[in-house]
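> This is what each chain is made of:
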Amino acid sequence: MTAGGTARWAGILLIGVCLSTLFAGFLAPYDPTEQDRERPYAPPSKIHFVDDAGKTHLRPFVHPWKDDGSGGYEEDPGTPVPLRFFVRGAPYKFLNVVNCHYHLVGVDAPQRIALLGTDAYGRDQLSRWLYGGQVSLMAGLLATAIALAIGLMVGLIAGYFGKRTDALLMRVAELFLAVPWLYLLLALRAFLPLRIGPFEAFLLVVLVIGAIGWARPARLIRGVVRSARHQDYVTAARSAGASHRFVLFHHVLPQTSAVLFTQAALLVPQYILGEVTLSFFGLGVGEPVPSWGNMLQSLQQYNVLVSYWWMLIPGLALIPLFWAFSVLADCAQKRVEFPA
Amino acid sequence: MGYLVRRALHGLFLLVGVSLLVFGLVAIAPGDFYSELRLSPTVSPETIRQLRMEYGLDQPLHERYLHWMVGMARGDWGASLTYHMPVWPLLRDRACNTLLLTVSATVLAWILALALGIWAVESGKPVFNTLAHGVAATLVSVPDLLICLVLLVWALRTRALPLGGMASVDSAALGALARWRDVFVHMVLPVLALTLSALPLLLRHVQSSFAGAMTAPSVNTARAYGVSRRRILWRHVLPLAANPLITLLGLSIAGLISGSLVVEVIMGWPGLGPLLLESILARDLYVVIGAVMLSTLLLVAGNFVADALLFAVDPRTREEHA
Chain A
92 MTAGGTARWA GILLIGVCLS TLFAGFLAPY DPTEQDRERP YAPPSKIHFV DDAGKTHLRP
152 FVHPWKDDGS GGYEEDPGTP VPLRFFVRGA PYKFLNVVNC HYHLVGVDAP QRIALLGTDA
212 YGRDQLSRWL YGGQVSLMAG LLATAIALAI GLMVGLIAGY FGKRTDALLM RVAELFLAVP
272 WLYLLLALRA FLPLRIGPFE AFLLVVLVIG AIGWARPARL IRGVVRSARH QDYVTAARSA
332 GASHRFVLFH HVLPQTSAVL FTQAALLVPQ YILGEVTLSF FGLGVGEPVP SWGNMLQSLQ
392 QYNVLVSYWW MLIPGLALIP LFWAFSVLAD CAQKRVEFPA
Chain B
467 MGYLVRRALH GLFLLVGVSL LVFGLVAIAP GDFYSELRLS PTVSPETIRQ LRMEYGLDQP
527 LHERYLHWMV GMARGDWGAS LTYHMPVWPL LRDRACNTLL LTVSATVLAW ILALALGIWA
587 VESGKPVFNT LAHGVAATLV SVPDLLICLV LLVWALRTRA LPLGGMASVD SAALGALARW
647 RDVFVHMVLP VLALTLSALP LLLRHVQSSF AGAMTAPSVN TARAYGVSRR RILWRHVLPL
707 AANPLITLLG LSIAGLISGS LVVEVIMGWP GLGPLLLESI LARDLYVVIG AVMLSTLLLV
767 AGNFVADALL FAVDPRTREE HA
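Respectively, the protein sequence lines represent chains A and B. If you count the first sequence from 1, you need to add 91 to reach this note's numbering. If you count the second sequence from 1, you need to add 466 to reach this note's numbering.
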């Protein structure tokens with residue numbers, strides 16, 4: 092497959108993930124905080140088309156899990172529970188605005204369906220993954236936006252004005268690059284309040300990651316700006332009487348777009364992972380709000396890790412996502428180096 | 467030599483700057499170690515004030531910074547509030563463990579990357595090249611957190627390797643040789659996880675810089691003269707490809723130190739990472755500062771080694787900075 096073809100698939104995948112987390116309310120069968128204490132750690136429901144009598148049904152169905160007597164679950168073949176589509180269920184806000192209670196799939200209450208299994212409180216993992224994506228993806232995107240905005244500003248000022256300003260700003264950037272990334276992240280987190288609500292925690296994580304991430308983009312943008320500054324057209328614009336401001340925004344700024352895009356494709360997955368790591372350590376977004384990081388938290392117990400493999404799914408789902416980002420970053424890098 | 471001295475001074479400047487940065491962060495921190503104690507009804511405010519005074523937490527920040535700097539110059543890193551002991555011995559053991567992990571992983575990852583990369587490029591068969599690219603592209607999208615978890619699942623299932631810590635419970639009773647073997651067996655999993663997380667980046671760069679060096683005019687000329695393949699590889703290609711790779715060595719160390727934090731915490735390796743996490747949760751100020759400073763020191767030292775190597779290997783660097 093050509094590089095462009097792969098990049099297209101990567102783009103489609105990313106858009107798909109973004110859309111599915113955006114429409115989490117509709118796609119998720121349940122509310123992410125809805126518990127079912129009767130069925131903790133239930134494995135993913137198996138979807139059947141053929142019943143015990145060997146008859147094929149057009150409408151897929153599942154068998155409810157029942158206790159197998161030894162702490163595990165087994166399928167209860169006596170009662171097929173048909174899947175229903177566009178069912179009325181828990182109320183949610185469609186796109187966080189419109190009140191709605193239709194879900195894509197579901198089963199008749201009191202039975203429950205868990206397509207990706209359930210966690211320690213019997214909460215549906217699929218619903219939590221979809222809602223968790225809103226937190227984790229948004230954290231990655233916002234933190235990248237902050238880091239790039241600061242980086243762009245510092246890079247423009249340092250690269251354009253040069254001399255002492257440049258030296259000072261780049262020394263500061265070096266300081267931020269001298270501390271191993273994760274240590275800096277944790278250190279900054281260390282000096283901020285520990286026990287806070289999920290929303291404040293989310294904002295804090297975004298700000299903390301964004302605030303320490305600006306140094307690398309700033310250095311790269313500074314390099315681009317410095318070389319753009321000595322181009323003939325910049326000199327021409329200046330001698331024709333253009334102000335610094337005009338030159339900066341009309342001649343220098345557009346040059347940085349390629350670097351910005353490549354950096355974004357590199358930083359978004361890194362920052363998603365930053366949120367995941369912080370929440371995994373219990374320093375990020377906390378319960379009961381789901382995030383991809385705190386969904387993995389229970390895996391710190393060895394017995395969960397070994398016995399309930401589906402708890403790993405939220406982690407494994409990161410792999411295709413990160414693959415897509417790395418393909419896009421590669422593609423952008425090539426465009427920068429060898430423009431078509 | 468002047469170049470190396472300048473690099474060392476630069477490293478020192480970075481360390482001082484980072485210490486200022488970290489103390490600046492302390493300034494914005496709400497509350498300290500004893501804020502939690504205030505909630506307890508059994509501890510009187512008087513006791514808390516006394517404890518604060520004892521550890522100098524009641525002084526203004528710049529005085530604490532000066533005090534800390536003077537202490538640092540004498541090798542005193544402050545006192546841990548949770549362990550009631552000086553920070554340095556605490557950090558020293560942990561840093562040695564982290565170093566053991568990162569150095570082994572660095573060496574292993576570089577050997578693997580060089581072997582795989584050179585083999586893929588040198589064999590001239592596009593199949594191997596694609597294979598190496600594939601390995602790098604796959605591994606690069608697997609976060610280190612996940613590598614650890616998957617390795618743990620494997621180890622738990624097979625019971626092939628011991629988990630957690632760096633020594634068995636009865637290791638104190640073992641002889642010196644057996645104790646080393648014990649540590650080695652405990653090291654396998656974390657080192658493997660770190661190596662796998664560092665490998666893709668290295669492999670990619672080794673491949674691209676060797677592929678670039680293979681087509682250099684000097685190499686073509688040597689080939690035209692009929693120089694043997696092995697000699698071309700070692701005498702002509704390697705020096706050309708070495709320069710960007712040595713720069714990468716410094717960068718890869720940064721990645722490894724960050725990565726080892728995650729690995730240490732998940733695998734229970736008693737390094738700097740778990741200590742940092744623990745002291746963050748306990749608001750143990752000087753341990754946090756010490757751990758951050760020490761990790762920075764490791765990074766700066768790693769970069770210095772890379773600089774020195776570059777100076778030794780690349781005549782251009784020597785002449786530029788002579």
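For the record, the hints were derived by calculation from the structure and aren't laboratory data. Remember, it's a predicted structure, so these values are computed and weren't measured experimentally. Worth double-checking, as some hints may not be accurate.
What the hints assert, rightly or not - Simulated pairs of lysine to aspartate or glutamate, DMTMM-like, Cα-Cα distance not exceeding 25 Å:
{"no.": "1", "chain 1": "A", "residue 1": "Lys137", "chain 2": "A", "residue 2": "Glu166"}
{"no.": "2", "chain 1": "A", "residue 1": "Lys184", "chain 2": "A", "residue 2": "Asp257"}
{"no.": "3", "chain 1": "A", "residue 1": "Lys254", "chain 2": "B", "residue 2": "Glu786"}
{"no.": "4", "chain 1": "A", "residue 1": "Lys146", "chain 2": "A", "residue 2": "Asp122"}
{"no.": "5", "chain 1": "B", "residue 1": "Lys591", "chain 2": "A", "residue 2": "Asp127"}
{"no.": "6", "chain 1": "A", "residue 1": "Lys425", "chain 2": "B", "residue 2": "Glu588"}
{"no.": "7", "chain 1": "A", "residue 1": "Lys137", "chain 2": "A", "residue 2": "Asp122"}
{"no.": "8", "chain 1": "A", "residue 1": "Lys157", "chain 2": "A", "residue 2": "Asp199"}
{"no.": "9", "chain 1": "A", "residue 1": "Lys254", "chain 2": "A", "residue 2": "Asp199"}
> With reference to the structure, classify each hint as holding or not holding.
Results for each hint:
| no. | hint | result |
| --- | --- | --- |
| 1 | A:Lys137 - A:Glu166 | holds (9 Å) |
| 2 | A:Lys184 - A:Asp257 | violated (48 Å) |
| 3 | A:Lys254 - B:Glu786 | holds (22 Å) |
| 4 | A:Lys146 - A:Asp122 | violated (34 Å) |
| 5 | B:Lys591 - A:Asp127 | violated (57 Å) |
| 6 | A:Lys425 - B:Glu588 | holds (24 Å) |
| 7 | A:Lys137 - A:Asp122 | holds (21 Å) |
| 8 | A:Lys157 - A:Asp199 | holds (17 Å) |
| 9 | A:Lys254 - A:Asp199 | violated (71 Å) |
Against the hints set out earlier in the document, violations occur for numbers 2, 4, 5, 9.
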